[in-house]
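In UniProt numbering, the protein residues as written are 1 to 95.
FYI, nobody ran anything at the bench for these hints, they're computed from the structure. All values reported here derive from a predicted model rather than from experimental measurement. Careful: at least some of the hints might be erroneous.
Straight-line alpha carbon distances no greater than 27 Å define the calculated DSSO-like cross-link-like pairs of lysine-lysine that follow [as the list claims (entries may be wrong)]:
id	residue 1	residue 2
1	K84	K61
2	K84	K70
3	K84	K55
4	K61	K3
5	K70	K3
6	K55	K70
7	K3	K84
So the derived label-pair ranges between C-beta atoms look like this [said to hold, decoys possible]:
id	residue 1	residue 2	range
8	L21	I82	40 to 50 Å
9	E76	I16	15 to 25 Å
10	A85	R64	32 to 42 Å
11	Q63	L37	29 to 39 Å
Just so you know, even glycine gets a beta-carbon here, dropped at the ideal spot from N, CA and C.
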Amino acid sequence: AIKVGYAMAVTFAVGILQVFLGAMRLGFLTTFLSDPLISGFTTGAAIHVFSSQLKSAFGVKVQRFSGPFKLIFSYEDFFLNINKANIVTISATIV
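Turn these sequences into a full structure, and let the hints steer you where they fit.
The following block contains the structure:
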């Protein structure tokens, strides 16, 4: 419940910041961000979303890990349990 409150507070603060920057016409500052930076950020966000939705898309129970290699451990656990995937869930995901 505390993490949800933090997420709501950060979301609200970013929204206020965006409204302020828009009102001050400071959108031109984005021209100073390089294309590789934007591309890397977008790719990282896509990998994060894909990784977080993978277990739900296949209906596989994956253990939660912590630490610097949690993504690698999560993928390892996912592929070890892929034989327990729910066919109905996969079908619904595709549709």
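Against the structure, the hints:
{"no.": "1", "hint": "K84 / K61", "verdict": "holds, 8 Å"}
{"no.": "2", "hint": "K84 / K70", "verdict": "holds, 21 Å"}
{"no.": "3", "hint": "K84 / K55", "verdict": "holds, 11 Å"}
{"no.": "4", "hint": "K61 / K3", "verdict": "holds, 23 Å"}
{"no.": "5", "hint": "K70 / K3", "verdict": "holds, 19 Å"}
{"no.": "6", "hint": "K55 / K70", "verdict": "holds, 14 Å"}
{"no.": "7", "hint": "K3 / K84", "verdict": "violated, 31 Å"}
{"no.": "8", "hint": "L21 / I82: 40 to 50 Å", "verdict": "holds, 44 Å"}
{"no.": "9", "hint": "E76 / I16: 15 to 25 Å", "verdict": "violated, 41 Å"}
{"no.": "10", "hint": "A85 / R64: 32 to 42 Å", "verdict": "violated, 19 Å"}
{"no.": "11", "hint": "Q63 / L37: 29 to 39 Å", "verdict": "holds, 34 Å"}
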